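Visitor: Below are the chains, spelled out letter by letter.
There are 2 protein chains.
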Amino acid sequence: MKKHNYSAGPCILPQEVFEKSAQAILNFNDSGLSLLEISHRSKDFVAVMEEARALVLELLDLKGKGYQAIFLGGGASLEFLMIPYNMMKVNGKAAYLDTGTWASAAIKEAKFLGETVVVASSKDQNYNNIPKGYTIPADADYFHCTSNNTIFGTQMKEFPETDLPIVCDMSSDIFSRKLDFSKFDIIYAGAQKNMGPAGATLIVIKEEILGKTGREIPSMLDYAKHIKAESMYNTPPVFSVYASLLTLKWLKNLGGIEAIEKINDAKAALLYTEIDRNPLFRGTAAVEDRSNMNVTFLLNDEAHTAKFDELWKAAGISGLPGHRSVGGYRASMYNALPLESVQVLVDVMKALETEIK
Amino acid sequence: MKKHNYSAGPCILPQEVFEKSAQAILNFNDSGLSLLEISHRSKDFVAVMEEARALVLELLDLKGKGYQAIFLGGGASLEFLMIPYNMMKVNGKAAYLDTGTWASAAIKEAKFLGETVVVASSKDQNYNNIPKGYTIPADADYFHCTSNNTIFGTQMKEFPETDLPIVCDMSSDIFSRKLDFSKFDIIYAGAQKNMGPAGATLIVIKEEILGKTGREIPSMLDYAKHIKAESMYNTPPVFSVYASLLTLKWLKNLGGIEAIEKINDAKAALLYTEIDRNPLFRGTAAVEDRSNMNVTFLLNDEAHTAKFDELWKAAGISGLPGHRSVGGYRASMYNALPLESVQVLVDVMKALETEIK
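Protein chains in written order, with the numbering used here: chain A, 14 to 370; chain B, 14 to 370.
Bear in mind the hints are in silico, worked out from the structure with no lab data behind them.
For clarity, every value in this text was computed on a predicted model and none was experimentally measured.
Nothing false has been slipped in among the hints.
Which copy? The list can't say, so a pair holds if one copy fits it or any two copies do.
In the PhoX-like style, the derived pairs of lysine-lysine whose C-alpha atoms are separated by at most 20 Å in a straight line are:
(1) Lys56 <-> Lys326
(2) Lys121 <-> Lys136
(3) Lys241 <-> Lys121
(4) Lys124 <-> Lys238
(5) Lys121 <-> Lys238
(6) Lys16 <-> Lys56
(7) Lys196 <-> Lys170
(8) Lys102 <-> Lys225
(9) Lys196 <-> Lys225
(10) Lys145 <-> Lys196
(11) Lys370 <-> Lys320
(12) Lys33 <-> Lys265
(13) Lys265 <-> Lys191
(14) Lys275 <-> Lys170
(15) Lys124 <-> Lys225
Given the sequences, and given the hints that come with them, work out the whole structure.
Guide: What follows is the structure, encoded as structure tokens:
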């Protein structure tokens, strides 16, 4: 049966990425060797890394604008520590917006290094909205935010105007919508939503903002060292970078971010319209902050849970249960999830309504 | 043509690992989903992680001895920083043995956190031997060494007797030879030699040694946090862990470390015997410290370089050039390289001798 994979991450990737990366494991570039057994410094893999780094900047429209893209291991959680190490001055100050679990984890690591001001938080509302109208201290070294909150289903639609460097964790919505990416000084993202398999982290850095903290930085946490080494300071996560390149190429062939944004908008419109129309369901996030990537919703009457679960499982849907912090359901609709899969879910929601009437 | 892959890492892995991991990317456990698109918290992947962690301890004969095995991202280079963060007391002292490039990189990160004593170094001899007869300061918090030096082709055959905790970087020879692993308090290793594809790092920790430094540790650098979260504090490098499990199972089926050590000894004997016999070649490492994993050797007369290179390439050999720090050749003979491949290299060395006579 056709599967409809709503997993929150690691998550669905384009089918051609699975096919081509499996093939590369058996025989990479017709070399007679597996992608897994070649040196990361071989000509063939250096070409992969360079193409991936360039394609990131091209897709984000950052080519020739002073940015560098690097792929590291360790996950976005390691960036929570690397960001203040690279951006917070000795005796300096950082400003963070608290919009959910991951924002909160980033704040914790920043506090490890120095004064960290939380400019606003929606924690008291179980993070069901993005705070607005906050003030960012003008003497902070940088402002950090999380563009999309997977667990709570909220997404920043606007970003503050500020003279400070802006650092953004875009782990769960990078490459999904058009933004003026040149307004950001550092963008980082774990691969495992819209980019590739778990194990790689993308960091996009406006190079001129580095080296201003007066802080000594451990080698592996130092962005400048990784940039200088062309993202090969140590052995990179070869397979994850390769599969990310395949995904980025798929996106480019599709028409880039502009094209995927239209598809993502259509998917979100389809599902939110049904949530708002169907009397059995309600969304959990403030309407103006609803995420196009992670749609969180509840049954109005939990007595229908067993029936609904039976229906969506029978339709080939997987990965729909919500995070324990919110309960209910979460439909993660990353780039590679087709509109057709959303239609299947909407049909199931309508079928539940018919059954119950 | 059959390839003989002598790459220093990432390197050859068992053929069945390539086949089974490629299959899992197309359809994991007959789920109809790719290994790359499932949640790391799914039942199927949690089972992979738990089996891999248990199998590491079983193969190292550390089961039931108070050890924990975890898989992290970031590479062994990140452990260079995590080790002192977790092991060096505030105002404490670390003792390091300097046997090569990676040992030296580990020392640099330790110095970032506090006083770091280099008990001995063979740097002045271009690391062609393992220093012996050194004294470890009794008041150090731990002793750190590198069991095998990929670049220089040396390997520690004995480890010092000390009451201090011993931390060992076994990136390039773990699972290759029998040792009393219970003499070590922390063993760590990048996956990409004898364990699996680049992107995962294995850390094996005697749990009781943690929590004694009085030092505050950033979350992602804290071994105790990763152990408590059962190696899922953040999204792990799913694919690399799975392929590592496949390699560990292959090793177990072969008869474990005892069985592979015999094969590795036979491979090393075959090649070193030829290096010592053949008047055209000489080894670069001190005989008593020769590595069974990375065999470094030179042509006595560089005028034969073009001919030798032509011959080994024609025989299907790849990855033989030495690291720029040593020059010449390096035959990396990790667990998955068959004895047959070593015979092919030895035959080429003999053929060169015949041609030149």
